[in-house]
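Novice: Protein sequences, first through last, are from chains A and B. Start counting the first sequence at 5; every next residue gets the next number (this note's numbering). Start counting the second sequence at 534; every next residue gets the next number (this note's numbering).
To be clear, the hints were calculated from the coordinates, so they are not data collected in a lab. Using N, Cα and C, we set each Cβ at its ideal position, and we do this for glycine too. Among these hints, one or two may not hold up.
What the simulated footprint calls covered on chain B by chain A, stretch by stretch (three residues with Cβ under 8 Å from a Cβ of chain A suffice, anywhere in the stretch; the number is not a length) [what the hints assert, rightly or not]:
hint	segment
1	656-670
2	680-686
With a straight-line Cα cutoff of 20 Å, these simulated SDA-like cross-link-like pairs (lysine to any residue) come out [claimed, not checked]:
hint	chain 1	residue 1	chain 2	residue 2
3	B	K865	A	A119
4	A	K328	B	E618
5	A	K136	B	L703
6	B	K611	B	Q627
7	B	K903	B	N873
8	A	K180	A	N191
9	B	K699	A	P138
Taking CB as the label site, the calculated pair distances span [to be verified]:
hint	chain 1	residue 1	chain 2	residue 2	range
10	B	N873	A	S277	46 to 52 Å
11	A	G362	B	R879	51 to 57 Å
12	A	D98	B	H677	48 to 54 Å
13	A	K180	B	R719	48 to 54 Å
14	B	N933	A	A30	38 to 44 Å
15	B	E723	A	H318	54 to 60 Å
16	A	V187	B	H677	34 to 40 Å
17	B	P647	A	E228	55 to 61 Å
18	B	G910	A	G362	43 to 49 Å
19	A	S277	B	D712	33 to 39 Å
Single-letter residue listing:
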Amino acid sequence: MVETFNPTDSKESLKLLIEEASLKGADRLNRYPKYRFFGYFCSYFPEELIIAAGLHPLRLLPDSENSTPVELPAYCCSLARGTLDMEVREKWRDLVGIGFTHTCDTMQCLSGIWAASGQSKTVDIVPPVMLKAPGASRYYHAELHTLLSKLTDLTKQKIEAEAIRNALILCANTRKLAAELDVLRPNLPSPLIFSLLRAGQLMPRSEYTHALVNSFPALKEMAEEPHNKAKVLVSSAVLENDSLFEMIEELGGRVVADDTCTGFRHFSGVTVSGSEDPLLDIVRRYSEMPPCPCKNRSLNERISYLTTLAKQRHAQGAIIIVRKYCEPHAWDAATLSESLRKNGIRTLTLELEGANAGGQERTRLQAFLESLLGYEL
Amino acid sequence: MHTTKEKRRNYRPLVSNKALQQTMGSYYALTSWHRYWGKFLRRPLAWVTSGAPVELLRAFNIHCAYPEQYAAIYSARKATVDLCEVAEAAGYSQDLCSYARSNIGGVLRPDLAPLGGMPKPDLLVACNNICGTVLKWYEVLARHFNVPLLVLDTPFLTDQLTPQVKDFVLEQLYAMAADLEEITGRRFNEKKLAEQMNLSRKITSLWIETRQYCQASPSPLNAPDLFINMAPIVVLRGSQKGIDFYRKLKDEVKERVELTQGAIENERIRLVWDNIAIWPQLFSFYKMFSEKGACFVTDTYSGGWAVEQAPGTPMESMATTYTEVFLNRSPKFRANQLINLIKEYRADGFVMHSNRSCKPYSLVQEVIRKEVMRETGVPGLMIEADMADPRAYAEEPVRNRVQAFLETFDDLK
Ligand code: SF4
Ligand code: SF4
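Kindly generate the complete structure, drawing on both the sequences and the hints.
Specialist: Structure, rendered in structure tokens:
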């Protein structure tokens, strides 16, 4: 690793994290020439096993929301279209492999398309959808075993239990730091926190935790006193840049609760450790984390969890983002919005092509946030 | 002899259509009957997905109704747009599956739905072997009706069925049986399940046999025939009535083959269809083909129910059969399936309906199209539409593409 990318100065560390978040891994070969990266798509892909295999997990994010690779129809989410297009343009050529988790129908299809038409090696894991179904944990455990052997085949190296345990510790530490960041949320600009969390899905994890620890003094220095901004919860699938969070902040809002795939939801929930078989700890971690709309722990768990979270954080409003053609999030939008409204939390549902919020969204967001501030008065 | 009207349609109607109408008519009547009497007689009404393990439900005297099938009827009767708009106004995006949207529209406004909408369910059973949509859709229904929702989670098969997947599904099936005991107050009877599986096997064999007759030239059936006649195999698996109907259909189809009577006049081009029917355009769309002597001799959609049961005990057989359905499998598997159909049915080409509503069916079609063309050397056309929502159908571009495609066969016969 190049030394300049591992600063000890707090402000420099912060700068590094922000840079990494905006680069989205694009400069990885320059910055980390000796590292071998492994691409993955979803928070349900167990990073622990990537790390234990001696690889660095890189979340694949699209560089454009307007890509139209011939393999996919236009009525497919821009995350799938954009990342596949990057595969066609050989942007992922250096990756040791790419990991797909079965979550939504689109991801399921994307994995097959990638295997059929891409150059990269692909690895799949199909966790249970019904996380509390009878036999789900046993099945999940067996799937992790299969994944382990697929990763071993890929790297031609045995993955020791000790390496998995160490990876569990590293991931637990990352999640703990992310939770500390989440606590600072009310006092720091929302796009900044969002950026810092995204960096944790792109950078080599030990470099990330190191830089994040170093940046805390600078962050604490930046923290403002209690604000009078409109407090909102944001729920969304992947958001590959800070555009929306910037707009919310500019228009007088502050994100007090973040339920986005690339935001805090990625880190939230428990990390358990200490089982004789570390794979059992991984099963528990991913079965118990706050679910995304593709998974079911019980009929209303996700909706109740988010409603409670919004109330605990005193959110006045909730912004529900639906990426165009993203079905799981679109499905939950109606129910979530109803539940929040019943609890006195106003909601705004916005449909975005990708992560960029444009003029039209600005107008709607402005009206929404103003109404929240006016409501408070 | 064709009547003038039939000639204009270039289409030979089936005599067994009457039996189909009677069979389905009595099924709908029975379904409505459950709305009033089912509870008293401990015969609950379940809404189930098309890939749900109905034999198990039937073994508990549960009557099954299929929202997907009603949605196809809504569409054929031109009610889908109004119903979808109701669901869209309630917050369900226009990009969601139109079966789901029109069903929810019908739940919210039964007065707008053909057949008066579906009778209210006592129970919901979903199996995600066809898509992830059904889980989200049935969650919405479970909240709305406040009735139990049983879900069978059949992990997607990236390759072959593994023992861990089979064990997981099997364990859930036993748990489902226990839940059904509680819900119905009846004991699980494995013998009764075996009987249901037997009836199911019989109806499936008849459907398979009927379809195989279409390997003949000219083909005795065309895609709209297959789509219309698939209704009983979906809703009446495990029933004697369904078996009786398919016997009639099979006999008629067999006779057509013996008399070398084709479903369309002057069959010149033999095609395979991939994806759900375009219900709102069922006749006008396929007429573009039949006019030019192109017949769809088989398809992957109604063929989804022409799959023999896997071996094992009734529960084991169900676990495998329901997990191995084609929509739960990789593009590679699906490409092979299409390649085999093209070979077995001696098809000259294939048409894929890129169906905006159904992502698991459609997103992978382009890689499958390329693979199938490479392997078989026959051309494949992709048409973008929607199985139920006519708003997604652009008549002119579709017509142009179909014409250009059919012209490539001009040298044939
Ligand atoms: S969850 Fe939504 S955004 Fe994510 S891959 Fe699936 S469809 Fe696309
Ligand atoms: S049409 Fe497709 S998305 Fe809709 S319920 Fe059927 S399989 Fe699922």
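Novice: Could you run down the list of hints and mark each one as holding or not?
Specialist: Outcome of the hint check:
1. 656-670: holds (count 7)
2. 680-686: holds (count 3)
3. B/K865 to A/A119: holds, 9 Å
4. A/K328 to B/E618: Status holds; Cα separation ~18 Å.
5. A/K136 to B/L703: Within the cut-off at roughly 15 Å; holds.
6. B/K611 to B/Q627: holds, 17 Å
7. B/K903 to B/N873: Holds, at roughly 15 Å.
8. A/K180 to A/N191: Roughly 19 Å separates the two Cα atoms, so the pair holds.
9. B/K699 to A/P138: The hint holds at about 13 Å.
10. B/N873 to A/S277: 46 to 52 Å: Cβ of B/N873 to Cβ of A/S277: about 49 Å, so the range 46 to 52 Å holds.
11. A/G362 to B/R879: 51 to 57 Å: Distance hint for A/G362, B/R879 holds at roughly 53 Å.
12. A/D98 to B/H677: 48 to 54 Å: Given about 49 Å between the Cβ atoms, the range holds.
13. A/K180 to B/R719: 48 to 54 Å: holds, 51 Å
14. B/N933 to A/A30: 38 to 44 Å: About 41 Å separates the Cβ atoms of B/N933 and A/A30, which means 38 to 44 Å holds.
15. B/E723 to A/H318: 54 to 60 Å: Holds, since B/E723 and A/H318 (Cβ atoms, about 55 Å apart) stay within the stated range.
16. A/V187 to B/H677: 34 to 40 Å: holds, 38 Å
17. B/P647 to A/E228: 55 to 61 Å: The hinted range 55 to 61 Å holds for B/P647 and A/E228, with Cβ atoms some 60 Å apart.
18. B/G910 to A/G362: 43 to 49 Å: At 47 Å between Cβs, range holds.
19. A/S277 to B/D712: 33 to 39 Å: holds, 34 Å
In summary, this structure violates none of the numbered hints.
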